[in-house]
Amino acid sequence: MTEIGRYAEIATIVFAVASLTFLGLLSYHYYLNIYYGTYEHQDPTVIKVIGKQYVWLFQYPNGTTVPDKLVLQAGKPYEILVTSDDVIHALYFVNLGYKLEAIPGYTYHMYIEVNQPGTYPIYCAEFCGPGHYTMKGILIVTPSNSSG
Amino acid sequence: MIDVENGPKLKPFDYVLWFFTIMLFFAVFMVVGDFGNLGYIVSSPTGDYVQQLWGITYFLAAILFGVFMGSLVYLAVKFRAGAVPQAVGQIRPAQPTDYGKVALPILIIVGAVFEFVMAQALGTLGTNSGGVYSWLARWTWNISAGCCIL
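Protein sequence lines correspond, in order, to chains A and B. FYI, the numbering for the first sequence is 1 to 148, going by the working numbering. FYI, the numbering for the second sequence is 1001 to 1150, going by the working numbering.
FYI, nobody ran anything at the bench for these hints, they're computed from the structure. Check each hint, because a few of them may be wrong.
Claimed, not checked - A short list of chain A residues far from chain B (calculated; beta carbon distances all over 10 Å):
no.	residue
1	S27
2	Q53
3	Y54
4	L57
5	Q59
6	T65
7	V66
8	I88
9	Y106
10	E126
11	P130
12	I138
What the hints assert, rightly or not - Here are the in silico distance ranges between beta carbons for each label pair:
no.	chain 1	residue 1	chain 2	residue 2	range
13	A	P104	B	L1038	50 to 58 Å
14	A	I88	B	N1037	44 to 52 Å
15	B	R1092	A	Y7	16 to 24 Å
16	B	Y1040	A	V17	31 to 39 Å
17	B	A1103	A	L25	15 to 23 Å
18	A	V46	B	D1098	55 to 63 Å
Model, not experiment: these values are computed from the prediction. We treat Cβ as the ideally placed atom computed from N, Cα and C, and that holds for glycine.
Chain A extracted, bound-state conformation (with noise of 0.2 Å):
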């Protein structure tokens, strides 16, 4: 191999190497935004979300608990507790592209906090029995200045 040719081969590993660690340090810092929040000094409002074959059951601070829809209102964070009853279900907003595991016994949690009004869909991600594909649930973000 020429001189050229190898400075190319250690410029080429050098790059990707410089180039996945920034990717893998820019996903951890937003990882950690997502898991933990940047919310926190807004007090966010905790939903807490049940999965079960083949429902996916929110439960709001007032203790109303609404099947297969969720409703937010537009700027505002929440904190969304993500669990499940039976098997493991995954909390999917396709919108968002975010996803959660839910798993029986345990609880996840994220931070949510949608800008843009309207209705968009909430899907089971991860296989949990014949009815799986009827597993879908809505996101309504409703205007700022509305009730939510």
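Once you have looked at the hints, place chain B on chain A.
Just chain B now, with coordinates in the frame of chain A:
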């Protein structure tokens, strides 16, 4: 004997065509993937994270695709069968590669990343217990150990 020194040489215009082929494949990759834009992501902090990470990853992937696929196609066409004279004589053995030059930067970068991530995970970086200094001390030890291994 056909090798790098004695084989057919690329002219300056060939390098221009090579570069153009790479750029062409890069552009095609970017256009096919909508320039790394995820149209279905709504405006939210989490969505912005996903969009940004995907955009960077897609751009880097486009560079990789352009360089490798562009080079593969261009060189395969340029040196296609019949386009170059047949090799005659014996093949010179390949020179050994100095892996130390490759391994050292990788070792240092990987070590730095692991140390940084571990320090973040353990919450020792930037605390009052001399976290930064202990981190630097461990780093010095790591570089020394890496050099010894090499």
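Hint check:
| no. | hint | verdict |
| --- | --- | --- |
| 1 | S27 | violated (6 Å) |
| 2 | Q53 | holds (27 Å) |
| 3 | Y54 | holds (24 Å) |
| 4 | L57 | holds (22 Å) |
| 5 | Q59 | holds (21 Å) |
| 6 | T65 | holds (25 Å) |
| 7 | V66 | holds (21 Å) |
| 8 | I88 | holds (22 Å) |
| 9 | Y106 | holds (20 Å) |
| 10 | E126 | holds (19 Å) |
| 11 | P130 | holds (28 Å) |
| 12 | I138 | holds (13 Å) |
| 13 | P104(A) - L1038(B): 50 to 58 Å | violated (32 Å) |
| 14 | I88(A) - N1037(B): 44 to 52 Å | violated (33 Å) |
| 15 | R1092(B) - Y7(A): 16 to 24 Å | holds (21 Å) |
| 16 | Y1040(B) - V17(A): 31 to 39 Å | holds (32 Å) |
| 17 | A1103(B) - L25(A): 15 to 23 Å | holds (22 Å) |
| 18 | V46(A) - D1098(B): 55 to 63 Å | holds (58 Å) |
Hint compliance for this structure: hints 1, 13, 14 are broken, all remaining hints hold.
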